[in-house]
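Take each chain as given, in its own frame, and dock them per the hints.
Listed in order, the protein sequences are those of chains G and E. Per numbering that gives the first Met the number 0: the first sequence = residues 0 to 352. Per numbering that gives the first Met the number 0: the second sequence = residues 0 to 169.
Hints are not guaranteed to be accurate.
Only pairs whose alpha carbons sit at most 20 Å apart, straight line, appear in this in silico SDA-like list of lysine to any residue [as the list claims (entries may be wrong)]:
#1 Lys23(E) / Leu162(G)
#2 Lys23(E) / Leu185(G)
#3 Lys144(G) / Leu130(E)
#4 Lys161(E) / Tyr321(G)
#5 Lys161(E) / Glu223(G)
#6 Lys144(G) / Lys60(G)
#7 Lys64(G) / Gly228(G)
#8 Lys161(E) / Leu162(G)
#9 Lys144(G) / Val71(E)
#10 Lys161(E) / Leu324(G)
#11 Lys301(G) / Leu185(G)
#12 Lys64(G) / Gly240(G)
#13 Lys60(G) / Tyr28(G)
#14 Lys60(G) / Met239(G)
#15 Lys161(E) / Asn73(G)
#16 Lys161(E) / Met239(G)
#17 Lys144(G) / Val20(E)
#18 Lys161(E) / Lys60(G)
#19 Lys23(E) / Asn73(G)
#20 Lys144(G) / Phe50(E)
#21 Lys23(E) / Asn142(G)
#22 Lys161(E) / Lys301(G)
#23 Lys144(G) / Asn24(E)
#24 Lys84(E) / Lys161(E)
#25 Lys161(E) / Met325(G)
#26 Lys161(E) / Trp75(G)
#27 Lys64(G) / Met90(G)
#28 Lys23(E) / Val71(E)
#29 Lys144(G) / Lys84(E)
#30 Lys23(E) / Ile337(G)
Computed from the model, here is a short list of chain E residues facing chain G with C-beta under 7 Å [said to hold, decoys possible]:
#31 Leu46
#32 Ala48
#33 Gln49
#34 Leu51
#35 Ala53
#36 Met72
#37 Gly125
#38 Val157
#39 Leu159
Please keep in mind that the hints were generated in silico from the structure rather than gathered at the bench. We put the CB at the ideal spot given by N, CA and C, even for glycine.
Chain by chain, the residues run as shown.
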Amino acid sequence: MEIPVLAWQGLVILAVFGITLLIATYSTYAERVVAAFLQDRVGPDRAGPYGLLQPLADAVKLFTKEEFFPSGANRWLFVFGPCLAMTTALMASAVIPFGNTLIFGNGTEIRLQAIEVNIGMLYVFGVVSLGVYGIMIGGWASNNKFSLLGAVRAAAQAVSYELAMGMALVALLMVTGTLSLREIALQQYNGLWNIVYQPLGFIIFIVCAFAETNRTPFDLPECETELVGGYHTEYSSMKMGLYLFAEYINVFVASAVMSTLYFGGFSFPGEHLLYDVLLKSQGELFAHNTVTILGTITLFAKIFFFIFFFMWVRWTLPRFRYDQLMRLGWTMLFPIAIVNILLTGAFILFFGK
Amino acid sequence: MGTSLFYFLTFVALLSALGVVFAKNPIHSVLFLILTFFAISGHYLLLNAQFLAAVNIIVYAGAIMVLFLFVVMFLNLNAETEPNKPALAKITAAIAGGLLLFVLIAALRNVNPAGADLATFDSQIGMVNRLGLVLYQQYLLPFELASVLFLVAMVGSVMLGKRETGERNF
Numbered sequence: 000m001e002i003p004v005l006a007w008q009g010l011v012i013l014a015v016f017g018i019t020l021l022i023a024t025y026s027t028y029a030e031r032v033v034a035a036f037l038q039d040r041v042g043p044d045r046a047g048p049y050g051l052l053q054p055l056a057d058a059v060k061l062f063t064k065e066e067f068f069p070s071g072a073n074r075w076l077f078v079f080g081p082c083l084a085m086t087t088a089l090m091a092s093a094v095i096p097f098g099n100t101l102i103f104g105n106g107t108e109i110r111l112q113a114i115e116v117n118i119g120m121l122y123v124f125g126v127v128s129l130g131v132y133g134i135m136i137g138g139w140a141s142n143n144k145f146s147l148l149g150a151v152r153a154a155a156q157a158v159s160y161e162l163a164m165g166m167a168l169v170a171l172l173m174v175t176g177t178l179s180l181r182e183i184a185l186q187q188y189n190g191l192w193n194i195v196y197q198p199l200g201f202i203i204f205i206v207c208a209f210a211e212t213n214r215t216p217f218d219l220p221e222c223e224t225e226l227v228g229g230y231h232t233e234y235s236s237m238k239m240g241l242y243l244f245a246e247y248i249n250v251f252v253a254s255a256v257m258s259t260l261y262f263g264g265f266s267f268p269g270e271h272l273l274y275d276v277l278l279k280s281q282g283e284l285f286a287h288n289t290v291t292i293l294g295t296i297t298l299f300a301k302i303f304f305f306i307f308f309f310m311w312v313r314w315t316l317p318r319f320r321y322d323q324l325m326r327l328g329w330t331m332l333f334p335i336a337i338v339n340i341l342l343t344g345a346f347i348l349f350f351g352k
Numbered sequence: 000m001g002t003s004l005f006y007f008l009t010f011v012a013l014l015s016a017l018g019v020v021f022a023k024n025p026i027h028s029v030l031f032l033i034l035t036f037f038a039i040s041g042h043y044l045l046l047n048a049q050f051l052a053a054v055n056i057i058v059y060a061g062a063i064m065v066l067f068l069f070v071v072m073f074l075n076l077n078a079e080t081e082p083n084k085p086a087l088a089k090i091t092a093a094i095a096g097g098l099l100l101f102v103l104i105a106a107l108r109n110v111n112p113a114g115a116d117l118a119t120f121d122s123q124i125g126m127v128n129r130l131g132l133v134l135y136q137q138y139l140l141p142f143e144l145a146s147v148l149f150l151v152a153m154v155g156s157v158m159l160g161k162r163e164t165g166e167r168n169f
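Bound-form chain E, shown alone (with noise of 0.2 Å):
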C-alpha cells in the first residue's frame, strides 16, 4: 500500500513537474506547479511529517502559487502575443539552465540513500511537537533570526502601503 502511494505520487509529481515546462499557457504552467506541490506534500503525509506537508501546502500552494497566479493573470501571456526571443536570451537561458543541471548533479553525486534503520528509526521524528524542540534548542539562533528577517519584510510592506501627508486624492 505504502509502496504503490509512493510510485503513484512520484508519478504524478514528475508527470506535472514536466507540464510545468512543457504547457504552452502560463497559466496552465502554474497549476500545474501547484498539482506538483500536492504530490511532494503527499510523500511529507507518507513520511509521517505531517506539520511540513501542512505547511508546504498553506506557503507555497496557499499564498506564493496565488500570487504567482495573480501575476500572471495581469500580464495576460498567451501563445500569440508573446514576442519572439533573440537568439542571445535563448543561448544565455540554456547555459544559465546547464549549470544549475551541472551544479546540482555535483551536488548529489555522492549522495548515498541509505535506507532507515528500522530498529532505531523513529516514526514520531517529524510531528509537530518534535520539530518544535529541535528548532527551538538546537537551531535557536538561525530560527530567530529568520522570523526577525520575515518581520521586517512585513513591516515593510506595510510602510509602502501607508499614505504619505498630502496624498489623499479623494
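Next up, chain G with everything else stripped away, as it sits in the complex (with noise of 0.2 Å):
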C-alpha cells in the first residue's frame, strides 16, 4: 500500500503532539517522585502500581470538581486565559526536531519533525514570548488584587529575561550560521555539540528558560508566601490544571530546546563509527534507519535529564526574592550575554570557527 510523504508527515504531527501531552502527564508523576526522593518521602503508591495512574486519578478529580467563577470576573477572558496558556505551550513542540530521516524500501524519505521552518528558532522564541499572556489574562480578569500582582510580575519576569535569552541565542546564531533547528542538529551530528563553543551561552539559556517557565527559584507569579497562589488564586476545577498542565509543557518544550541548540539534538557518540560497521554488514537503508532510532531514543534521554534537572533544582533552591530577580536579569545575565557576543565574534574573527 502506498502512503504518500504528506500522510506520513500528518502522523508525524499526531504522534509529537501524543507525545508531548503524554510527557507533560508524567511530568506531574516524576515531579512527585523527585521530591518525594529529595525530602525522603515514599511518594505517591495508592493509585496503581508504583503509583503510575496517579495522573489519571488527578486529572478525574480535576475534571469533577466545581466550576468557580468569582463575582466580577470577566467571564471570557476568565475562560480565555487557561486556554491560551494551553495553546501557547503546546504549538513550541512542533518545530522541534526529534529525530534524523527515515528511509523506507521504495525511497520515501519522512522527517520525525512536525514542521521543518527555516527561522525555527524563531518560532521557539515567539511562541514562549506569547506564553505570557495566558498568565496575564487570567491574572487580570479574575477580578482579584493577588491574581492581579502575580499576573504584572509575569508579565516584567517574562519580558526581562526574553532580553538575555535573545542575547545567547544571537551568540548561537553567530557560530551555527542558520536558524533552522534541524540544520543546526545536522551541524552537531557532523561535528562537536554547540556546549563547546557556546558554554556560557547555555549558562544563560538555563537560567532564562527556568525563569520563562515560572520555575522555582524564578515562580514569583505564584509565590504562595505573598501572593495566596498568585495568578491562578481564584482558578479551581479543570482551568486550574490547564495552567498547572502547560507548566509542565513548557518545561518539556524548555528541555527539548536546550537538547537541540547546545547538546546535539539527535546525535550520540560514536553513531558514525556504528553507521560505517552497518553499512558493511547490513546495508546503506537499515545503517541509516537504525541510527536515526538510537538517536530519537538519545534525544528522549537527553530531555529527560533536563527535565530532571528542573525538578531537581525546583526541590534543592529557595525562591528568589522579587528585587533580586529583577537585578540578577538585568545587571548580571544581560552584561554577560553582551560579553559573550564580543567573545564569539572575537574567537570566530581569530580562529575561524
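Structural data, given as C-alpha cells:
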C-alpha cells in the first residue's frame, strides 16, 4: 500500500502532539516522585503499581470539581486565559527535530519533525514570548488583587529575561549561521556539540529558561507566601489544571530546545562508527534507520535528564526575592550575554570557528 | 486558497483594528491590537516573508504589547472611573487625528498598486538569508547605527537599575 509523504508527515505531527501531552502528564508524576526522593518520603504509591495511575486520578479529580467563577470576573477572559496558556505551550514542540530521517524501501524519506521552517529558532522564541499572555489575562480577569500582582510579576519577569535569552541565542546564531533547528542539529551530528563553543551562552540560556517557564527559583508569579496563589488564586477545577499542565509542557519544550541547541540534538557519541559498521554488514537502509532510531532515543534521554534537572532545582533551591530576580536579570545576565557575544565574535574572527 | 486566506486575514485585521478603537475597556483594546498584529503576520506569511512574520510577533505581540498590557493593568482604567475630558482636549484630539489622516491620504495618493511581475518575481526574496544580504550590503550604515541606538537604550536601562552607593535599605 502506498502512503504519500504528506500523510506520513501528518502522522508525525499527531505523534509529536501525543508525545508532548504524554510526557507532560507523566512529568506531574515524576515531579512527585523526585520531590519524595529528595525529601526522603515515599511519594505517590496508592493509584496503580508504583502509583503510576496517579496522573489519571488527578485528571478525574480536576474534571469533577466545581467550576467556580468569582464575582465581578470577566467571564470570557477568565476562560480564555487557561486556553491561551495551553495553546501557546503546545505550539512550540512543532518545530523540534526529534530525529533524522527514516527511509523506506521504496525510497520514501520522512523527517521525524512535525514542521520544518527555516526560522525554527525564531518560531520557538516567538511562541515562548506569547506564553505570558495566558497568565496575564487569567490573572487580570480574576478580579483579585493577588492574581493581578501575580500577572504583573509574570509580565515583568518574562520581558526582562527574554532579553538575555535573545542575546544568548544571538551568540549561538553567530556560531551556527542558521536559524533552522534541524540544520543546527545536523551540524552537531557532523561536528562537535554547541556546548563546546558556547558554554557561557548555555548557562545564560538555562537560567532564562527557568525564568520563562516560571519554575522555582523564579516562580514569583505564583509565590504563595506573598500572593496566596498568584495568578491562579481564583481558578478551580480543570481551568486550574490547564495552567499547571501548561507549565509541564513548557518544561518539556524548554528541555527539548536546550538539548537540540546545545547538546547535539539527536546525535550521540560513536554514531558514525556504528553507521560504518552497519553499512558494511547490513546495507545502507538499515544503517541509516538504526542510527536515526537510536538518535531519537538519545534525544529523549537528554530531554528526560533536563526535565529531571528542572525538578531537582525546584526541590533544592529557595525562591528569589523579587528585587533579586530583577537585579539578576538586568545587571548580571544581560551584561554577561553581551560580553559573550563579543567573545564569540572575537573567536570567530581570530580562530575561524 | 491564497486569495480566500488573504481576504479572511484582511477581514480579521480590519475588524480587530476597529475593535481597538471602539472597545470601551482598554484591556480589550490591547487584546484586539494583538489580534491585529497576528493578522498582519499572517499577511507576511502569505508573502513568503517568514522572518518578518516571526519578528513582528516577537517584537510587537511578544514584547511591546506585554508592556502595554502591564501599564494598562496598573492604571486600572475603566468606564466608571474615567474622568470627563474637557472640550478643548476633545477638539485637539480631533484635529490631531484629522491631520494624521490627511498626511496618510496625501502619502498614499500617488501609490500605484501594481501586481508583481510573475516572470521576474523571486519567491525567495523574503527569506532571512536574502534579507541579511540586503541589510549588510546595501544598508550597512543605517543598520549598524540603529543597532548602536538600541544598545545604548539597553545599557541605559541597566545603568538606571544599578544601585548607587549608600542606597541599600535592607
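For each hint, the structure was consulted:
Among the hinted pairs, Lys23(E) with Leu162(G) is inconsistent with the structure: their alpha-carbon atoms are about 33 Å apart, more than 20 Å. Proximity of Lys23(E) to Leu185(G) is assessed by CA-CA distance (about 52 Å); at most 20 Å being required, the pair is judged violated. Among the hinted pairs, Lys144(G) with Leu130(E) is inconsistent with the structure: their alpha-carbon atoms are about 46 Å apart, more than 20 Å. For the proposed pair Lys161(E) and Tyr321(G), the alpha carbon gap of about 15 Å is at most 20 Å, so the pair holds.
Only pairs whose Cα atoms come within 20 Å are accepted, and Lys161(E) paired with Glu223(G) is rejected, the gap being roughly 28 Å. Note on Lys144(G) and Lys60(G): the hinted pairing is violated, with a Cα-Cα distance of about 28 Å set against a maximum of 20 Å. Taken as a hint, the Lys64(G) and Gly228(G) pair is honoured in the structure, with Cα atoms around 18 Å apart against an allowance of 20 Å. For the given pair, Lys161(E) sits about 17 Å from Leu162(G) by alpha-carbon distance, which is consistent with the 20 Å threshold.
For the given pair, Lys144(G) sits about 15 Å from Val71(E) by alpha-carbon distance, which is consistent with the 20 Å threshold. Restraint check: the Cα-Cα separation between Lys161(E) and Leu324(G) comes to about 13 Å, which is no more than 20 Å; the hinted pair holds. Note on Lys301(G) and Leu185(G): the hinted pairing holds, with a Cα-Cα distance of about 16 Å set against a maximum of 20 Å. The hinted pair formed by Lys64(G) and Gly240(G) meets the criterion: a straight-line CA distance of about 11 Å does not exceed 20 Å.
A hinted pair counts as satisfied when its Cα atoms are at most 20 Å apart, and Lys60(G) with Tyr28(G) qualifies at roughly 15 Å. Taking the CA atoms of Lys60(G) and Met239(G), the gap is near 12 Å; set against the 20 Å cutoff, the hint holds. Pair hint Lys161(E) plus Asn73(G) does not hold up; C-alpha atoms about 39 Å apart against a cutoff of 20 Å. Straight-line distance between C-alpha atoms of Lys161(E) and Met239(G) comes to about 38 Å, which puts the hinted pair past the 20 Å bound.
Proposed proximity of Lys144(G) and Val20(E) is contradicted: the alpha carbons are some 28 Å apart, above 20 Å. Between Lys161(E) and Lys60(G) the alpha-carbon distance is near 48 Å, which puts this suggested pair outside the 20 Å criterion. Between Lys23(E) and Asn73(G) the alpha-carbon distance is near 14 Å, which keeps this suggested pair within the 20 Å criterion. A distance of roughly 39 Å separates the Cα atoms of Lys144(G) and Phe50(E); the hinted pair therefore is violated under the 20 Å criterion.
With a C-alpha separation of about 17 Å, the suggested pair Lys23(E) and Asn142(G) falls inside the 20 Å cut-off, and the hint holds. Among the hinted pairs, Lys161(E) with Lys301(G) is inconsistent with the structure: their alpha-carbon atoms are about 38 Å apart, more than 20 Å. About 18 Å separates the Cα atoms of Lys144(G) and Asn24(E), which keeps this hinted pair within 20 Å; it holds. A threshold of 20 Å between alpha carbons decides the hint, and for Lys84(E) with Lys161(E) the separation of about 39 Å lies outside it, so the pair is violated.
Between Lys161(E) and Met325(G) the alpha-carbon distance is near 11 Å, which keeps this suggested pair within the 20 Å criterion. With a CA separation close to 41 Å, the supplied pair Lys161(E) and Trp75(G) exceeds the 20 Å bound. Straight-line distance between C-alpha atoms of Lys64(G) and Met90(G) comes to about 28 Å, which puts the hinted pair past the 20 Å bound. Of the pairs offered as hints, the one joining Lys23(E) and Val71(E) holds, with about 13 Å between alpha carbons and a cut-off of 20 Å not exceeded.
Under the criterion of a C-alpha separation no larger than 20 Å, the hint pairing Lys144(G) with Lys84(E) is inconsistent with the structure, at around 28 Å. Distance restraint check for Lys23(E) and Ile337(G): the Cα-Cα separation of roughly 43 Å exceeds the 20 Å cut-off, and the hinted pair is therefore not satisfied. For Leu46(E), the interface hint is violated, the least distance from its beta-carbon to any beta-carbon of chain G being 14 Å, above 7 Å. Interface hint at Ala48(E): violated, since its Cβ lies 10 Å from the closest Cβ of chain G, which is beyond the 7 Å cut-off.
Interface hint status for Gln49(E): upheld, as the beta-carbon distance to the closest one in chain G is roughly 5 Å, under 7 Å. Checking Leu51(E) against chain G by beta carbon gives a least distance of about 10 Å; that is not within 7 Å, so the hint is violated. Given hint, Ala53(E) at the interface with chain G, holds; its Cβ is 4 Å from that chain's nearest Cβ, closer than 7 Å. Among the interface hints, the one on Met72(E) holds; its C-beta lies about 6 Å from the nearest C-beta in chain G, closer than the 7 Å criterion.
Residue-level restraint check for Gly125(E) is violated (minimum Cβ-Cβ distance to chain G is 11 Å; threshold 7 Å). Because the beta carbon of Val157(E) sits about 5 Å from the nearest beta carbon in chain G, less than 7 Å, this interface hint is met. With a cut of 7 Å, the hint placing Leu159(E) at the interface with chain G is violated, because the nearest CB-to-CB distance is about 9 Å.
Violation of the numbered hints given earlier is confined to hints 1, 2, 3, 5, 6, 15, 16, 17, 18, 20, 22, 24, 26, 27, 29, 30, 31, 32, 34, 37 and 39; the remaining hints are satisfied by the structure.
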